[in-house]
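One-letter residues, chain by chain:
Number of protein chains: 2
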Amino acid sequence: MINVIDTHCTPITAASIRLSNDEIGLLKSGLSGWEIDDKKSELHLEKSYQFDDFTEALAFTNKIGKIADEENHHPTILTEWGKVTVTWWTHRIKGLHKNDFIMAAKTDRLAS
Amino acid sequence: MINVIDTHCTPITAASIRLSNDEIGLLKSGLSGWEIDDKKSELHLEKSYQFDDFTEALAFTNKIGKIADEENHHPTILTEWGKVTVTWWTHRIKGLHKNDFIMAAKTDRLAS
Chain A
75 MINVIDTHCT
85 PITAASIRLS
95 NDEIGLLKSG
105 LSGWEIDDKK
115 SELHLEKSYQ
125 FDDFTEALAF
135 TNKIGKIADE
145 ENHHPTILTE
155 WGKVTVTWWT
165 HRIKGLHKND
175 FIMAAKTDRL
185 AS
Chain B
75 MINVIDTHCT
85 PITAASIRLS
95 NDEIGLLKSG
105 LSGWEIDDKK
115 SELHLEKSYQ
125 FDDFTEALAF
135 TNKIGKIADE
145 ENHHPTILTE
155 WGKVTVTWWT
165 HRIKGLHKND
175 FIMAAKTDRL
185 AS
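Protein sequence lines correspond, in order, to chains A and B. Under the numbering used here, the letters of the first sequence match residues 75 to 186, in that order. Under the numbering used here, the letters of the second sequence match residues 75 to 186, in that order.
Be a bit skeptical, because a hint or two may be false.
Heads up, the list lumps identical chains together, so a pair's fine if it works in one copy or across two of them.
As the list claims (entries may be wrong) - Below 16 Å or equal to it, Euclidean Cα-Cα: the simulated EDC-like pairs (lysine to aspartate or glutamate) are:
hint	residue 1	residue 2
1	K114	D126
2	K157	D126
3	K102	E145
4	K140	E154
5	K140	D127
6	K168	E145
In short, the hints are calculated from the structure, not lab data. Quick caveat: nothing in here was measured; it's all calculated off a predicted structure.
Whenever a hint applies, use it, and build me the whole structure from the sequences.
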């Protein structure tokens with residue numbers, strides 16, 4: 075298990091490559107409740123959080139938006155009544171980068 | 075074509091029923107760009123809006139949240155970089171109610 079929560083995203087360049095399965099396994103071991111989802115043949119990192127109503131869910135969505143801007147790495151966020159589903163992946167490499175696990179850890183911290 | 079944009083949602087009760095296909099067709103004729111989507115055997119009303127970046131997309135998500143609270147009817151909102159997808163339906167009746175078309179029209183007005 076490795077802890078990435080206090081690190082920051084690195085810029086994605088043409089030289090950036092997707093994480094290996096071993097690297098994904100290692101980074102995932104540092105998280106709780108995140109699922110690896112294979113969307114459109116790309117691996118995505120996804121988790122849902124429960125809230126009491128729409129207002130609280132939307133407030134969480136906005137918190138995620140703030141850290142996404144700070145790190146210049148943006149997820150998709152599905153906001154619904156009492157629930158937010160966050161999906162991190164790195165569009166440019168069509169899969170998972172260490173940045174996604176950094177942001178997943180930071181997302182968990184927002185929810186705690 | 076009928077115009078519902080300046081009307082308000084009515085409370086959903088045990089007596090509320092889903093719109094008929096004819097009613098859906100009539101109400102949909104008053105909207106532009108909305109698709110009827112059959113999710114989990116329930117009809118949903120869905121539309122995507124394009125934006126310049128994540129910040130603008132999230133701002134639109136918040137505008138939708140505000141009218142959703144005002145009308146006490148809440149959609150799912152998928153927020154991503156440069157795009158927001160809004161889905162209206164009425165959970166309690168497992169399908170579409172006039173309220174959903176009212177909210178779709180109001181959502182369009184927010185985007186204009």
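### Task
List in ascending order the numbers of the hints, as given earlier, that are violated by the structure.
Numbers 1, 3, 6 - these are the hints that the structure violates, sorted from lowest upward.
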